[in-house]
Amino acid sequence: MRALLVANPSATTTTAAGRDVIAHALASEVKLEVVATRYRGHAAELAARAASEGVDLVVVLGGDGTVNEALNGLLVDGPSERVPALGVVPGGSANVFARALGAPRDPLEATHQLLEALAAGRSRTVGLGRADERWFSFNAGLGWDADVIAAMEHARDRGREATPTRYVATSIRRWTTARARPPSLRVEIPGREPVEDVKLALVSNTDPWTYLGGRAVRTNPGCSFASGLGLFALRRLGLPTIGRIVSQILSEDGFSELGSVLRDDDVPALRVVSEEPVNLQVDGDHLGRRSDVEFLAVPEALRVVV
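With this note's numbering applied, the sequence shown corresponds to residues -16 to 289, in that order.
These are calculated hints, taken from the structure and not from any lab test. This one's a predicted model, so the numbers in the text were calculated from it and none came from an experiment. It is possible that part of the hints are untrue.
What the hints assert, rightly or not - The following label-pair restraints were derived from C-beta to C-beta distances:
1. E259 with G174: 55 to 63 Å
2. E36 with P173: 37 to 45 Å
3. A163 with L91: 40 to 48 Å
4. S(-7) with V151: 20 to 28 Å
5. P177 with S(-7): 19 to 27 Å
6. E240 with G174: 20 to 28 Å
7. E176 with A10: 40 to 48 Å
8. R164 with R143: 41 to 49 Å
9. A102 with E36: 45 to 53 Å
10. R88 with S243: 33 to 41 Å
11. V4 with A163: 43 to 51 Å
12. E16 with R254: 36 to 44 Å
The beta-carbon is built from N, C-alpha and C at its ideal position, and this holds for glycine as well.
With these hints in hand, go ahead and build the complete structure from the sequences.
Here's what the structure looks like:
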């Protein structure tokens, strides 16, 4: 089996020594090429090259941003049987996709599980989402959620580590701003009446997801890699509403019902429109400001080794 290990040397929880150990372990079972990413978008280029060269497996050692780049590179020409399988070894601060797949949080343990899966021929095919031209694995969002991601990226660029504590503090600050100057989004689902004046639109591809360390966030408990997309849209941002929502999404059963929330766990497609451009995030990666985004669920889009 030919495999490519795409390693992000700037990933939060990996070291050079750890990368060497992981590469050595993988090389004992597959014909391995190891490439370290050097710039934003490099992982996508490497994965696209691997797909064009007929590589069997692309393993990503890094965080969700690197994983998202890689799957976009793998699927640059769309899903097909010729697309290499994807393996993920968590190396970032959140590792949402890896954890949603059931990978251990420790990179060495995750590598061991990946090797066991290869030996047993074990894999699964997962559905993914698209936000216009961009594939995503676990979620995308417009509004307050994306504002938080944009602020976290800005802090990271200034050398500040992305921790759960910083994420919560940033969320509170951005909520204050969003409440004072809320966006007005329109959510359009084919076959339904449009919903006007939405303040936040979060589109999920699986449940649970999290940025809060080991704490699961469950906005759409019925959403999975085998279903359509999950929609979680807020009509109000008042403190009582947010308090009830937070208590529900952090509970074991996840969010259930609230009149100010528009939720559906199995949507094949939707569109979010805004008169004024708002921030868009995809898999925790800020993509700038958009005023019109179409979301699409793509079933059985990619084979992953888990």
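Status of the hints after comparison with the structure:
no.: 1; hint: E259 with G174: 55 to 63 Å; verdict: violated, 27 Å
no.: 2; hint: E36 with P173: 37 to 45 Å; verdict: holds, 39 Å
no.: 3; hint: A163 with L91: 40 to 48 Å; verdict: holds, 46 Å
no.: 4; hint: S(-7) with V151: 20 to 28 Å; verdict: holds, 24 Å
no.: 5; hint: P177 with S(-7): 19 to 27 Å; verdict: violated, 42 Å
no.: 6; hint: E240 with G174: 20 to 28 Å; verdict: holds, 22 Å
no.: 7; hint: E176 with A10: 40 to 48 Å; verdict: violated, 56 Å
no.: 8; hint: R164 with R143: 41 to 49 Å; verdict: violated, 25 Å
no.: 9; hint: A102 with E36: 45 to 53 Å; verdict: violated, 24 Å
no.: 10; hint: R88 with S243: 33 to 41 Å; verdict: holds, 34 Å
no.: 11; hint: V4 with A163: 43 to 51 Å; verdict: holds, 49 Å
no.: 12; hint: E16 with R254: 36 to 44 Å; verdict: holds, 40 Å
Hints 1, 5, 7, 8, 9 from the earlier list are contradicted by this structure; the remaining hints agree with it.
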